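Asker: Sequence:
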Amino acid sequence: MTPWTPILFDMDGTLVDSAPAISARLRETLEHFGVTPPNEAGIRLLIGPPTGSSLLTFVGPERISEANAFYKALSKRDGLIHQELFPEVDRLLATLVEAGIPLGVSTSKPQREAVHTAEHFGIAQYFTALVGSSSKRPTKSDVVGETLAQLQAIAHSPTPLMIGDRSFDIEGAAEHNVPTVLVRWGYAAPGEELAALAGVDTIDELLAFVLG
Numbered sequence: 001m002t003p004w005t006p007i008l009f010d011m012d013g014t015l016v017d018s019a020p021a022i023s024a025r026l027r028e029t030l031e032h033f034g035v036t037p038p039n040e041a042g043i044r045l046l047i048g049p050p051t052g053s054s055l056l057t058f059v060g061p062e063r064i065s066e067a068n069a070f071y072k073a074l075s076k077r078d079g080l081i082h083q084e085l086f087p088e089v090d091r092l093l094a095t096l097v098e099a100g101i102p103l104g105v106s107t108s109k110p111q112r113e114a115v116h117t118a119e120h121f122g123i124a125q126y127f128t129a130l131v132g133s134s135s136k137r138p139t140k141s142d143v144v145g146e147t148l149a150q151l152q153a154i155a156h157s158p159t160p161l162m163i164g165d166r167s168f169d170i171e172g173a174a175e176h177n178v179p180t181v182l183v184r185w186g187y188a189a190p191g192e193e194l195a196a197l198a199g200v201d202t203i204d205e206l207l208a209f210v211l212g
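Take 1 as the starting number for the sequence shown in this note's numbering and just add one per residue.
These are computed hints drawn from the structure, not numbers from a lab. None of the values given here were measured: they were computed from a predicted structure. Where a beta carbon is used, it is the ideal one built from N, C-alpha and C, also for glycine. It is possible that some hints are incorrect.
[Claimed, not checked] Label pairs and their in silico Cβ distance ranges:
no., residue 1, residue 2, range
1, A99, E28, 34 to 44 Å
2, K136, K76, 19 to 29 Å
3, E28, P190, 19 to 29 Å
All chains, full assembly: derive it from the sequences and hints.
Answerer: Printed below as a string of structure tokens:
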């Protein structure tokens, strides 16, 4: 039996390739507020933490509320265009569920958007807990904590594991003493993997690590 249970997943950059959509919205938001956006590599590094944290550095505290509202309006306008599951994610999740491992999502996406995204791509069925950010859960650590709480009742002898693509996933999980496997198909910058338990390049490598 796998020693890892339950397993928590980040969403953007781990399950869903949302970089084209998020990058475009971040760029449009910054330009709207008179800020020259960073290059593509710089924009991609803004994907992962809560959007407000990413925008704050550029627009300042006096305009962050307005910038957040503008970005959210763009998200509502665009929906899920230019987003797709990474290849073989469905097989990954189905295999883990068949192995009897409870799964959860811990994402910085707003709660409603996280649920809608999972339902749209047909993967909501795999998750016992699907937790996004909210006014009461503004940080990754908060989201991870709530996911663990929801999974606690069904995870016998729990040894939880986080699967993510950024240092923010590693840090948020570590606050609950949960190790992280970093997937290299996401948006991490060089060096972010150093604090992870392991790094993997493919779905098969991830399954081999988890299932042994």
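Asker: The structure should be examined with respect to each hint, and the outcome stated for every one.
Answerer: We went through each hint and held it up to the structure:
no., hint, verdict
1, A99 to E28: 34 to 44 Å, "42 Å, holds"
2, K136 to K76: 19 to 29 Å, "22 Å, holds"
3, E28 to P190: 19 to 29 Å, "27 Å, holds"
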